[in-house]
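Respectively, the protein sequence lines represent chains A and B.
Last residue of the first sequence? That's 209 in our numbering, and every number before it is there in order.
Last residue of the second sequence? That's 202 in our numbering, and every number before it is there in order.
Quick caveat, the hints were computed from the structure, so don't treat them as lab data.
It should be emphasised that the depicted structure is a prediction, and the values quoted were computed from it without experimental measurement.
A virtual CB, placed ideally from N, CA and C, is assigned to each residue, including glycine.
Misleading hints may appear alongside valid ones.
As the list claims (entries may be wrong) - Ranges of calculated distance between the beta carbons of each label pair, as one might list FRET restraints:
{"hint": "1", "chain 1": "A", "residue 1": "D119", "chain 2": "B", "residue 2": "S66", "range": "34 to 40 angstroms"}
{"hint": "2", "chain 1": "B", "residue 1": "P83", "chain 2": "A", "residue 2": "T80", "range": "52 to 58 angstroms"}
{"hint": "3", "chain 1": "A", "residue 1": "R153", "chain 2": "B", "residue 2": "F80", "range": "30 to 36 angstroms"}
{"hint": "4", "chain 1": "A", "residue 1": "E92", "chain 2": "B", "residue 2": "K164", "range": "33 to 39 angstroms"}
{"hint": "5", "chain 1": "A", "residue 1": "T151", "chain 2": "B", "residue 2": "R112", "range": "36 to 42 angstroms"}
{"hint": "6", "chain 1": "B", "residue 1": "P188", "chain 2": "A", "residue 2": "T87", "range": "26 to 32 angstroms"}
{"hint": "7", "chain 1": "A", "residue 1": "D96", "chain 2": "B", "residue 2": "K164", "range": "31 to 37 angstroms"}
{"hint": "8", "chain 1": "B", "residue 1": "P188", "chain 2": "A", "residue 2": "T81", "range": "29 to 35 angstroms"}
{"hint": "9", "chain 1": "B", "residue 1": "K124", "chain 2": "A", "residue 2": "V110", "range": "36 to 42 angstroms"}
{"hint": "10", "chain 1": "A", "residue 1": "D182", "chain 2": "B", "residue 2": "L87", "range": "36 to 42 angstroms"}
{"hint": "11", "chain 1": "A", "residue 1": "T120", "chain 2": "B", "residue 2": "R84", "range": "41 to 47 angstroms"}
{"hint": "12", "chain 1": "B", "residue 1": "P97", "chain 2": "A", "residue 2": "T81", "range": "57 to 63 angstroms"}
{"hint": "13", "chain 1": "B", "residue 1": "K124", "chain 2": "A", "residue 2": "V82", "range": "39 to 45 angstroms"}
{"hint": "14", "chain 1": "A", "residue 1": "D96", "chain 2": "B", "residue 2": "S66", "range": "56 to 62 angstroms"}
As the list claims (entries may be wrong) - Selected chain B positions facing chain A (Cβ under 7 angstroms, derived; list incomplete):
{"hint": "15", "residue": "A173"}
{"hint": "16", "residue": "L176"}
{"hint": "17", "residue": "V187"}
{"hint": "18", "residue": "P188"}
Listed below, chain by chain, are the residues.
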Amino acid sequence: MPEPTQTTVIGPDTKIKGEMSFDNTARILGQFEGKIVAKGELQIADTAACRAAVEAGKVLVDGLVDGNITARERVELTARAKMKGDLVASKLVVAEGASFVGHVTVGPDAKAGMDAKPPAVAEAKPEQPMAARRGG
Amino acid sequence: MSALRTIQCYHCRRRFEAPRRALSTSCPGCSKPLVVEDVVIKTAHSVRKIQTCGRLIVQKKGRVMAGIIEAHAGVEVEGILEGNVVSGGLVRIGPKAQWKGDCRAPRLAVELGACIARGFFSVPEDALGVSDLAAEAE
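One chain only, chain A, in its complex shape (with noise of 0.2 angstroms):
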């Protein structure tokens, strides 16, 4: 019989700064500054506020992230989601709703990308890109 999914729950009156890195699946309800390593599943609730480089196999996005995502396998947006950030994964679902910013690539091939460039430390990035382009 498997064993049942242990969750590490990272509550909502908790500040962490620095790095985490979990095997299996983590919750975060309060606040978060750093880089997440995580073999399993990342869910970011509604309450809590990421300003992160995550490195996960599935990250589910509830609430507010700041710094790049990078999942081999799934990134889930919810309609409350907040993003900025690029992103790099297998599947991406984006609930309508969700705010979004960054660079995005996703399916098969997004894999070869991440496993050549780790992510960074969320920077401040150039919002208009298409609008410099277009005005010359």
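Chain A is fixed; fit chain B onto it per the hints.
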């Protein structure tokens, strides 16, 4: 439902009301002709620019390659789209869609299975310099 709808000129950005059933019109501000109807792509299209005050629909077997794509009422992609999209409505990327390019829109929905080769996404964004036209129309 009102017989009129608010549209915005993609040349001068002026907003005005036009009959809901109109397929084309001209802007009272700059007098330039405007496409108001939905643009449906069923086969391969390679153009410099696609502009409409309606929606752009890329069907399953459709493939559109354009420098600039401006569809004020929204974009729906089931096929292949290559280009930089600016929309005032919902951009929906279907489960079998392939997307390559930037996207600026007030609303985005990506369904499981969609493939996005590269692109800068800015959602929500006051993409047209006005509020969400599609939501206003509803």
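Going through the hints against the structure:
| no. | hint | result |
| --- | --- | --- |
| 1 | A/D119 / B/S66: 34 to 40 angstroms | holds (36 angstroms) |
| 2 | B/P83 / A/T80: 52 to 58 angstroms | holds (56 angstroms) |
| 3 | A/R153 / B/F80: 30 to 36 angstroms | holds (35 angstroms) |
| 4 | A/E92 / B/K164: 33 to 39 angstroms | holds (34 angstroms) |
| 5 | A/T151 / B/R112: 36 to 42 angstroms | holds (37 angstroms) |
| 6 | B/P188 / A/T87: 26 to 32 angstroms | holds (30 angstroms) |
| 7 | A/D96 / B/K164: 31 to 37 angstroms | holds (35 angstroms) |
| 8 | B/P188 / A/T81: 29 to 35 angstroms | holds (32 angstroms) |
| 9 | B/K124 / A/V110: 36 to 42 angstroms | holds (39 angstroms) |
| 10 | A/D182 / B/L87: 36 to 42 angstroms | holds (40 angstroms) |
| 11 | A/T120 / B/R84: 41 to 47 angstroms | holds (42 angstroms) |
| 12 | B/P97 / A/T81: 57 to 63 angstroms | holds (60 angstroms) |
| 13 | B/K124 / A/V82: 39 to 45 angstroms | holds (43 angstroms) |
| 14 | A/D96 / B/S66: 56 to 62 angstroms | holds (57 angstroms) |
| 15 | A173 | holds (4 angstroms) |
| 16 | L176 | holds (5 angstroms) |
| 17 | V187 | holds (5 angstroms) |
| 18 | P188 | holds (6 angstroms) |
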